[in-house]
Structures are given as structure tokens and as C-alpha cells.
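J.: For reference, the chains in residue letters:
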Amino acid sequence: MTEYLLIIVSTVFVNNIVMVKILGLCPFMGVSKKLEAAVGMGAATTFVLTLGSGASYLIEHYLLGPDLAYLTTLSFIVVIAGIVQFTEMVIQKTSPSLYQILGIYLPLITTNCAVLGIPLLNVQAKHDFMESLLFGFGGAMGFTLVMILFAGIRERLDGADVPGIFKGSAIAMITAGLMSLAFMGFSGLVK
Amino acid sequence: MTIKAPFKFHGGVHPPTHKEESTRTPIAQAAIPSKLVIPLHQHVGTRAKPCVQIGERVLKGQIIGQPEGRLSSATHASTSGTISAIDMQLVAHHSGLPDLCVTISPDGKDEWIEHSGVDYKQASHDELRKRLRLAGVVGLGGAVFPSDVKANANNHKIKTMVLNGAECEPYITCDDVLMRERAADILLGTEILRELLDADEVLIGIEDNKPEAIAAMEQAIIAGKHSRMTVMSVETLYPSGGAKQLIRLLTGIEVAAGVRSPEMGVQCFNVATAYSAWRAITHGEPLLSRIVTVAGNVERPQNFDVLLGTPVNELVVQAGSKPHTDKHIMGGPMMGVQLPSGAVGITKATNCIIESTPELFPAPKPALPCIRCTRCAEVCPAELQPQDLYWFAKAKNFVKVEDFHLFDCIECGACAYVCPSNIPLVNYYRFAKSEISEREREAKAAELARERHEYRQFRIEREKQEKAAKLAQKEKAALATKAIEPVTAAATEVDADAEDLAKQQRIEAALAKAKEQAAAAKPKNTEALTPQQQADIAEIEARRAQAHEIAKNETEPKQ
Amino acid sequence: MIAALWVMIGIALFLGAVLGFSAIKFKVQGNPLVDKIDAVLPQTQCGQCGFPGCKPYATAIAAGEAEINQCPPGGEEGIHKLADLLGKEFVPFGEGAKPKAKSVAFIDESTCIGCTLCIQACPVDAILGAAKQMHTIIASECTGCELCIPPCPVDCITMLPIDEDITNWKWRYPVIAIQEAA
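Protein chains in written order, with my numbering: chain A, 513 to 703; chain B, 1082 to 1640; chain C, 6 to 187.
Hints are supplied without guarantee of correctness; some may be wrong.
Going by beta-carbon spacing under 10 angstroms, a handful of chain B positions derived as facing chain C [said to hold, decoys possible]:
no.: 1; residue: 1100
no.: 2; residue: 1174
no.: 3; residue: 1498
no.: 4; residue: 1501
no.: 5; residue: 1504
no.: 6; residue: 1513
With a straight-line cut-off of 27 angstroms between C-alpha atoms, the simulated DSSO-like cross-links for lysine-lysine are [claimed, not checked]:
no.: 7; chain 1: B; residue 1: 1306; chain 2: B; residue 2: 1202
no.: 8; chain 1: B; residue 1: 1475; chain 2: A; residue 2: 679
no.: 9; chain 1: A; residue 1: 545; chain 2: C; residue 2: 86
no.: 10; chain 1: C; residue 1: 41; chain 2: A; residue 2: 545
Calculated Cβ distances over 10 angstroms to all of chain A for the following chain C residues [said to hold, decoys possible]:
no.: 11; residue: 96
no.: 12; residue: 115
no.: 13; residue: 118
no.: 14; residue: 124
no.: 15; residue: 169
Calculated from the structure, these hints are not laboratory results.
Yeah, the Cβ is synthetic: ideal placement off N, Cα and C, and Gly gets one too.
Sequences are here, hints too, so could you generate the full structure?
T.: And the structure:
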């Protein structure tokens, strides 16, 4: 039980995929201009990552086995692409405005290095099913947390007196760097 | 022992009160000025419509502006005189723009029009409200909301009526002296309003820096034998006189954002409004004057009973104007309006005129950036986040500004008062509010335009279809009448070409026949007529025309 | 080798089945986005965007056939709103598409000949009149689109800018000195 809790804490704070592992930066920078979009993207990524981690584990252990290990990346990507397509359809049906706001970034979850990276890290760390699921869920939680924090900061930065050349992406990058520094402070939290 | 108000509201500030200067002397009667500039829009709602002509002589209390629409109030001549103009004059407004005013030249006679009151216990509620509307009674606390509409509970059960005698803003003492001198009439007016609202109890809130007013009101309750009326003293704190704040202080009820106080079973009226209601109902006197405090850079700061429309210039000289006055402020130092000129007339909303000098109210220091000290949030009586409202209003982010409940701001100015960076916070909120209101107006107009456009397209489409239908009908009818031979079963089997050919032939035959008939009717050999023949023909034509006339007359119906 | 093929085909078929099923179940009818865009546009129906009205322009934007900076009556505010709604970048107005001050049309009654050409041109039916009768603009319904001016054969229609008066006055954006004047 404590192991599972430790996995969650470590993936959300200590080894946060965006701030510490520096994965999944594309939607992080692209969808964090508005808070609602960030929350929507976080929710979509959580769904994809959790399902993807679980499905990837099952494929890795039961379908591929040790002989077909070279098919890992290929099969993971196919599964992730399928899940993302499904998510896209659901979002388009349930919330057309969110679908429009997320725009191209929704199908780009497929190419999100975090969404492929977490299942591969699971394989590398030889997690069992529950651990894989939690690792994926925790990673996505960390991603969502950072997205929401960053979107909140960017919304306030909109009204700030930022010098002309720094406006927009430049100040966002600097802020992301500072956030990353802050998250590095979590290291050592989990022994 | 006066009951202390049992509750508190969030925040509030303690600016120096400056009340003692103007309460040393009793209410003075202001002199009739040389002219009265009476705006027709002294109330919330639709502007009153002028019902007098230039040059007309009017009597004191005569109605000069009729209320228009459900939310409106009447305007009256404050004294007898002649209407000298009905035009755009400068009024007391932040914009400094003019509005429609009636200017009266008083004749000095102060002659009243015929007027009489009713017993409020006998008259119906509708009758009472109609009288309040035609008497021009509006909220005299500064909001000038028509009292006939406010005194309508609209199916809400009003348990408590709050009478607002708090008067929390510095310098203003008009309600204080009114309570000291005319407490009895105030309470009688309160009974009328209570009757209209069908309220149970009345709570009168007075700040504790007004002990004489508290004593006067308490004695008047006993002397007038008013039941279920209690005076409560509230701690001197700005803005305890705000309606929602006073309700919270006296009853503990929190009238939340977007909620109106009747929905919570409370309604709040100013003491001066109650007084005017009494004069209007029982004595038939419309609202012609009000108490105004004149303070600041004058010899004798005091309260005057002023006729509405008195130019500010002519009022302040009666308090002894002093040199170096650079501007007139209508209202108090926290929420007042700087007047565009001294020629502006006193209105129903004028509770105080402060003669300001650069020493008394120095120019604001340059604003510094917000340091997020949150002193403003600590003092906001509406429990808002002024620093965030400022941030987003400055960035013109109107979506987020509304998210932070901008429209709950009562613009009391407490936040700007405490700001260490001297930021004029209230100006940002006012800017944001007017921008958002304009956008809402534009959105409504756009929606209406869309509806009109869509209807127009529907109408054009419908006209097209009607035309097509008519044409089809005409063709069908024409075809039916032109069928000379009945269409046999065999004919229907003939192929389309033959049918068309037959139709063609029929049309040609009909045309030829028509030509023949026309030819037969036309006179022949009409070329090279001799004059005799022409004359003959003319005669025949004349006789034919005459015959036609007679025939027409004979067929006309007999009268 | 065969096993690898089977595995990949198996995964592909399974996913294909799931996606096909959900494509039918989650089918989206129509295009609610067009209505959302239309709700943002100012409904002047003036045609300055190059489309015959606001709804066609909204349809074009939703289909990606039009830029969001083609509507002068909406102003910069309108472009910002469209950018927010669609998640696109703000694009300023191009050359020749500058927004004008709000105005309403006015018919000079001494010149009007009652030809009804302007009535047929007005997209919101804001002109009152009939053949050989006097025409007049219903000012409260006029959107200032200026479509009535070209058809008039006697050039009797002018645009009057709406002045600021006490009813439509707005508070100005506070401009504060950041340095005390020396």
C-alpha cells in the first residue's frame, strides 16, 4: 500500500514528468494560455495515459513476451494512437468548444513523449500491472497539476507589465524554467 | 439604553469624520435663488417628459415633468415663477455632459398649487404608490431609486424594514440634523412605507457618533406610540450606511451577490425618503426641496433646506464662500462627484456640497505599482478582491473581471483610501463596468439585428413562394379554360410532342379568332376620308358616346 | 516472424473495431461551432468581410476558409473574441479594413423620390416606406452597414455618427502619471 502511495507522490512531485523529466513540453507550452483549456488537456491526457499504461503492460506481458520485445515501441504507439482517437471522438461529442480550443493539440497527444515515455519507463522498471497503472495515473496527475499551475500563472502574466520583447512565449519559457527549479526542490522527498 | 447593532460586516475604514463643523447650527432655510435649473432626470429609470411650455407661469409644486414608463418619477416646480427655458444644461454627472433641464425664473411669491393629502390608512396601496410616483418621491440617500417601485414587495414577505440613518461618509450631516429636528414626521413616513411593504418590524440604524439623533428618534418612537420600531446604534465605520452593509449589521442577513434584499425578507429606506413620503401622502406636497450640507472652505458650514434646482453657486454664498475654492464636490470625499461648474442645480441626489481647495483635497500623488499588500481586500465591505479586480481591469480582461464579481462592487472607495501605492482603484472598476455594460448593450442589439435579418430572409423566401404559387395557379386556370376539346382517354396516350403541338394549334386558333373579331369591330376604309365623311364619323362617335353615358346612368343604382 | 505479424494485425483489428464502433456511437451532427461564431459577430450584415452576411462568414471561419480579421464592425475586440473561441492567434486588421465610428443612416426627405431601392437593400429592414411614399430610417434598428447608400439614385442618404451623450457615456481608461512632473 505504501508503495503505491510512494509511486503517486514520486511521479506527481519528485519526478514530475514535465518539470523534472522534461517530457511532454509541447502541450504544456501550447495549451496553457487559458485555464479551462489546461484543465481539459490535463483530463484528456490522464485518461489516455492511464488507459495507455494499463493496455501497454498487458500487451507487453501477454502478447509480446520476450521474443517479440522489439515490437514494444511499435505496438505501444498503435495502442496510444487508438486511445487518442477514441478520446477525440468523445470530446468532440461532449464538448465541441473544448474540442475547438484544444485544436491540433488533441491528436498531438499521440506524439506526446510523456505518453509514450511512461509505458516505456514502466517496462524498464519492470512494474507489475497495478504499479504500471498507478505510474501512468500519477504521471498524468503531475502533468495536470503543472498545466493548471502554469496556466494560472500565464493568465496573470497577461495583465503584467512585461517588456515588449519578452511578451508571449519568451516570458512563458522563463516562467517554466523557474517552475522547474522549484520542482527540483522536491528531490529527496521520497527516500 | 440604546441597543447596539449585534453584527459586523467585513472590512471598513475610519476616515476623519468632519461632522462637528456643520451640526452646530439648526437647519437654515435657503433663500429662493435667482433661477432654478431643474434636471428632468433626477432619478433612476426613464427621464421625465416635460409637460410645460417656455413662458408658462407655474406654481410651487406644479408638475413640470411627467413620469414615463414603469420606472420613472415626476419633476416639479420648486417655487412659483415662469419657465424661462427647456434645454440642455450642465448637470451633476461625472461626464460633465449636459442633460435636459427646465429653467424657472422665480417670481418671489412662492405661491403653492392646490394640493391635499390622504389618510394612508384609508387609501389603497395602489393609490399610495401612484401618489408617491406623481409626487416625485425617490430614494434620498443618493441612489434616487423611485420609491413607489421600491415600496412594492412583489410577493416577497418582508419581515424587517431597515431605516437608514447611518450616514457614514465624512462631512455629510443632512440626515443627522433631519433626525434631530423632524424625527416625528420621519417615523410617520416610516409607518406609510411599512404599510406598503406589509413589513413586521422596523429597525433604525444610526451611527454612534450621532447621540442627539439617536435620542431624538428614540423619544419620537415613544411620543408617537410607534410599535415594533427599534433604534440600534452601529459602530462608526465607513461604509456602514451601504444598504447591504447596514442590513448585515442590524439583522445579520447577508444579501449575497446577485440577490435583491426583498428576496431575503428585508428592505431598506433612507430617513429622508421616509420624511418625503409623509409630506407627499399626508400633506400632498411633492418633493421640492431637501436638506443639503454645505461644508469645506466656507465661513459657516451648516445644513440648508434647499429648493431643488438651486444653482450651487447661489447656495454656497449663503454659507459664506471663502477664496481659493477651486472646485465643488457634490457628495462626500469618498464617493463624491466633481461638478463641471457652479451653475449646476441641486438635485434629489445632492446630500452635500463640499467647497474644495488644494489644501483640503490635494491633487492625488502619482500612482505606484501594486505591491499586493492586500490592504484593499482587508477593507472591502463587499468581501471582494480589489487587487485582482484592478489587475484584470488594467489588462482589460473583462471575462476575468466578471469572474471576480466586479458588479458587486459598491464603489465606496475604501480600497483606494488605504492603498499605499495611491492607485485610483475605483476608476478602474468604473471603467470596467461601463465597458462590460456597453458590450452587453451591443450584444443585445446584435441579437435583435440577427433576428430582423433572419425574418427578412424568411419574408423574401415566402414572397417568392407565394409568387410562384400564384403563377402556377394562373397557368392552371388558363389551361383549364383553353381546353376546347375534352381530353379523351386516347388523347392522354398521345406522346408529349403531339400534345404540345395540339396546344400550339389551339393557341394559334384562339389568336386568329381574336384578330378576326378585332378586325370586324374596327372601321374599314378609314384612309383618305373626305371632310364630310370625317364630320359624319365624328357625329356618330358623339352619339355613341352619349348612348354609352345614358346606358351607364341607367345601370347605376337608384339613390 | 509470423507471430509478430499476427500480434500487430491482431492489435490493429481490435483497435479498428473499437474505433469504428465509437465513430458511429459518437457521431457529431451539424456544426454547432458555426452558431457559436455567429453569436460573436456583430450582425451588421454589411458584407465588408467579403461574405453576404454574418452567418456565411461564420460558416467560412468554421470551415477554415476565412481569416478572423475580416470584420471591421466587430473591431479588435471581435477578433480577440474569435481568437479565444477558436484557440487561434490574434491577427490585426489588414490594410483597408479599419473599423469606423458607429453611425446611423439618415434620409434627406426633401430629396427622396420614394423608389424603394434602399428598402430592398437594407439587411435588417430598418427603412420604413413604400413605393412613391416617403422613406425614413428607423434609427434604433439601423446597424450602420451602409448598404443603402449605393442603390439610392438621388444620393439622399448620409451616415450620421452617433455622438456621445449622457446616456451612452463611458468611463475612460485611467491614465496615471508614473513620474511626478518636476
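J.: With reference to the structure, classify each hint as holding or not holding.
T.: Okay, the hints, checked on the actual structure:
no. : hint               : verdict
1   : 1100               : 30 angstroms, violated
2   : 1174               : 6 angstroms, holds
3   : 1498               : 16 angstroms, violated
4   : 1501               : 15 angstroms, violated
5   : 1504               : 8 angstroms, holds
6   : 1513               : 8 angstroms, holds
7   : B:1306 with B:1202 : 16 angstroms, holds
8   : B:1475 with A:679  : 16 angstroms, holds
9   : A:545 with C:86    : 14 angstroms, holds
10  : C:41 with A:545    : 21 angstroms, holds
11  : 96                 : 14 angstroms, holds
12  : 115                : 52 angstroms, holds
13  : 118                : 50 angstroms, holds
14  : 124                : 39 angstroms, holds
15  : 169                : 27 angstroms, holds
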